[in-house]
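*Asks:* Please build the complete structure, drawing on both the sequences and the hints.
As given, the protein sequences belong to chains W, A and G, one line each in that order.
If you read the first sequence in UniProt numbering, its first letter stands for residue 1, the second for the next number, and so on.
If you read the second sequence in UniProt numbering, its first letter stands for residue 1, the second for the next number, and so on.
If you read the third sequence in UniProt numbering, its first letter stands for residue 1, the second for the next number, and so on.
Think of the hints as simulated: they come from the structure by calculation, not from any bench.
Watch out, some of these pointers could steer you wrong.
Mimicking DSS-like on lysine-lysine, the simulated pairs with C-alpha atoms at most 25 Å apart in a straight line are [what the hints assert, rightly or not]:
hint	chain 1	residue 1	chain 2	residue 2
1	G	K148	G	K272
2	G	K4	G	K272
3	G	K4	A	K148
4	G	K148	W	K148
5	A	K183	G	K118
6	A	K118	W	K183
7	W	K272	G	K183
8	W	K183	A	K272
Spelled out from the first residue to the last, the chains are:
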Amino acid sequence: MTLKNRIFIVLLLFIPVSIAADLLEWGPLPLFATSALAIVPLAAWMGTATEEIAVVIGPSAGGLLNATFGNATELIIAFIALQAGLVEVVKASITGSILGNLLLVMGLSMLLGGLRFKEQTFQPVVARVNASSMNLAVIAILLPTAIKFSAEGIESQVLQNLSIAVAIVLIGVYGLTLLFSMKTHTYLFDVGVAGMESEEEPHEEGSGNLRLWIGVLLAATLAVAVESEFLVGSLEAATEQLGLTPLFTGVILLPIIGNAAEHATAVTVAMKDKMDLSVSVAVGSSMQIALFVAPALVLAGWVIGQPMDLDFNPFELVAVAVSVLIANSISSDGQSNWLEGTLLLATYAVLGLAFYFHPLT
Amino acid sequence: MTLKNRIFIVLLLFIPVSIAADLLEWGPLPLFATSALAIVPLAAWMGTATEEIAVVIGPSAGGLLNATFGNATELIIAFIALQAGLVEVVKASITGSILGNLLLVMGLSMLLGGLRFKEQTFQPVVARVNASSMNLAVIAILLPTAIKFSAEGIESQVLQNLSIAVAIVLIGVYGLTLLFSMKTHTYLFDVGVAGMESEEEPHEEGSGNLRLWIGVLLAATLAVAVESEFLVGSLEAATEQLGLTPLFTGVILLPIIGNAAEHATAVTVAMKDKMDLSVSVAVGSSMQIALFVAPALVLAGWVIGQPMDLDFNPFELVAVAVSVLIANSISSDGQSNWLEGTLLLATYAVLGLAFYFHPLT
Amino acid sequence: MTLKNRIFIVLLLFIPVSIAADLLEWGPLPLFATSALAIVPLAAWMGTATEEIAVVIGPSAGGLLNATFGNATELIIAFIALQAGLVEVVKASITGSILGNLLLVMGLSMLLGGLRFKEQTFQPVVARVNASSMNLAVIAILLPTAIKFSAEGIESQVLQNLSIAVAIVLIGVYGLTLLFSMKTHTYLFDVGVAGMESEEEPHEEGSGNLRLWIGVLLAATLAVAVESEFLVGSLEAATEQLGLTPLFTGVILLPIIGNAAEHATAVTVAMKDKMDLSVSVAVGSSMQIALFVAPALVLAGWVIGQPMDLDFNPFELVAVAVSVLIANSISSDGQSNWLEGTLLLATYAVLGLAFYFHPLT
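*Replies:* This is the structure:
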């Protein structure tokens, strides 16, 4: 059993602890901290279960499952926050997930991989297709904000309608990128599910385990939902106690909690010189957030009557745009070294400082 | 005779119909629709005549003719709108021509070409030279707007003077790009006039036809001017009846009318796997709009006393900037596939939605 | 002796003339002009002395010396202006140095080199590493301005704190880029000090000259400091007499004075088809300004009690961002021709016009 898995098992202990924190009313800060720590291993188990099921049910259906459940943790946390009316926190966590994947995860991967290997290479074609998709996503979230600024007094209903229309286009494009990578141009992406698989310990054959893994997936999903309720419920009071703004919490803290397992995978494989897989995890995940999770939340908000539009805080917009810009610029040549990783991390640090100092409450 | 040409001949019937609509006062909407439909085949005939003349008078003078008359239809429509004082519509149609060429035409070409051929390639060098020229153009139209925003209370005369100075620089650069592509670095552009030519039916040799084609060119130009008068005269009333803003009309409708013939060419050659020519038509046309048509209109407006500056609506600016960004990102590697075409079309759709919802009147 | 060196010797005569202008109170304009002309050869001597010392003390220490003193002239002028409280002029000169290196120097090099050689090539890897560093720098100076705009009523102390934190990150990154280019990945940069060296006349061997060159360096540095006092002291009155704004002076005039010697080197080597060195001088110098000189001035201002934040005028920000964008787009393919040089120069011209017309005082 790897070190990573041992840590995850220890972290599972925080599930009962967080339940105790809730029942015994230990206060918001302990509840926030323990539920956050409990989510990390649950997210990892959800990921493992999804991949095991994907192997059994075959590449097409499995790929689709992976593509839908890949960011399930973020989706659950965000949905519960949306239900609680924390629309700004939801937007901030979308921003932060994109930043985290493109800058923190890819940066750490390139830095730690680059300390071992002088130069690492990966398929630039995949990076470029993803880069163009990310550009589209940035444009999509830029437009409602740009409209709001260039047309004073615009009704929020108009922004809402535009956001729904744009969300439908984005989900459609996401579906087409799946078709592209799984059906028509699979040869470009031959590092995907299979590569991810071979990273894990060899798994037993046969569909006898299918029921087991479906059970694990359901249990982990339910547990994530419960812990997310704790997390969201204690979020505002806890971060206030810590002297942090909701913006900082949403952009920096939440995404680290939701993505910890993926981060570990991306960095681990980078240190084994499998940069194709590492870049694919980081960029693919941020693309999934932008083209699927964010629009899905817009549509969900519309359905449950908690309207969420794509009109992001201009500062978040700037942060996403510059992250996509620098990540594209660094990944487009299909080569990486430790300095490129450092530049991504420095960008993350600079953005983190800016969000820390940003007075928006 | 190709299907395309048959459609164009049928559309010529709208010339007498639009004249009837004007004389018999059928109202703005029929006049707008019929004159729009009449312009499509006229633009195609202007294009054919220009190319035929270009073949006879040789590559240098012919290339220059093509470069000047390539967007003659847009120039005529815009000039007549400028004379009528519709400065905002003119700016919107410049924006829309750039968007239409980079996103709609290139997107459709890459999508339809990509459905036939798994991967299509083209000279990335040409795409890159064009990309840098488009960047310059975006910068040029960005600056007056940026000045206006960063210096409150600036006199419009100063913006006008700056716009004229910038327009002169842009036209100079346009002249130099012609020198580059036709004199000093022709080998990079060996897909230009000749490639375009070979697409058409074999044309008769000899300069006997020169007079004929000059006649056709003059007749078509005059007819376009007449129809543009109808179009511009009925524009405001007709679009109001349709519930569209002048902004949407200028950005989306007018450019489709003016560019329909070019669109058809670019898509047709893409489906024959001649992506070099297809990309060259789309990107070259948007470059011509930005470096020649727009500055020419600024200078023309100055001469005829209808001052037009380069201070675009910030939302149009954002739209042009993101279009150039994503088109450059997709075309810079010299490869295309159906997904890249789809991403361009999705960007066009998202921008179109935004212009549709934009409340600017 | 080369023509360049003869011109520099003649220009040294302006040192006594400027002193006379100061003592005899000839007025601000003569003082400004003569001190400006005196700085040009002094900057060149500082550069030569730095390189000679670098050769003697070996590549590592020498590279570090070069990296620190490479933009010493700009640093001295800016520091003296900062002491005098001309914070806006300092920021403008940082903007202008970046613009000047990326657009004017690289543009002239590519244009004049391209007139001699049809196509010139250089290592795209170096250009890309620099491009990503410049992107980081643009992000770093963009954030304080973006915060200011998105959070109304933010206290200037917060911006100051953020600027100091960001400055420390940038200087750290600068140190790491030196480590990268001088220690871990030297083979990518084998055109640096050595290439620069071989451009000069053969220099005498032995460390006997070390003292001489240290003396030259100290004397030139002192003289630059004196002349900078004259320059800064007369700047406001002189430019007002010329009808120029402090913004235009800072962005266009000061950087040309401080960088004249480097400009000459970059252009000279480009005409000898050593584009690797030429691009490296231009892009490296702008990177040094952004990652070292600007943050050093923020920290220096904090120490001497003349607080300077990184909150640039939005128009300067736009200018830097678009310069980096177009320079990256042109240099990323490792090829250049005269048209690409022209495009950079046209961008410089357009920006220069905008700064000329910008009414900011």
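*Asks:* Each hint should be assessed against the structure and marked as holding or not.
*Replies:* Tested hints:
Taken as a hint, the G/K148 and G/K272 pair is broken in the structure, with Cα atoms around 47 Å apart against an allowance of 25 Å. About 15 Å separates the Cα atoms of G/K4 and G/K272, which keeps this hinted pair within 25 Å; it holds. Using a Cα cut-off of 25 Å, the hinted pair G/K4 and A/K148 is violated, with the two alpha carbons roughly 42 Å apart. Proximity of G/K148 to W/K148 is assessed by CA-CA distance (about 18 Å); at most 25 Å being required, the pair is judged to hold.
Only pairs whose Cα atoms come within 25 Å are accepted, and A/K183 paired with G/K118 is accepted, the gap being roughly 12 Å. Between the alpha carbons of A/K118 and W/K183 the distance comes to roughly 12 Å, so the proposed pair stays at or under 25 Å and holds. Between W/K272 and G/K183, the direct Cα distance comes to roughly 24 Å. Compliance with the 25 Å bound is thereby established for this hinted pair. Only pairs whose Cα atoms come within 25 Å are accepted, and W/K183 paired with A/K272 is accepted, the gap being roughly 24 Å.
Hint check: violations occur at hints 1, 3; the rest are consistent with the structure.
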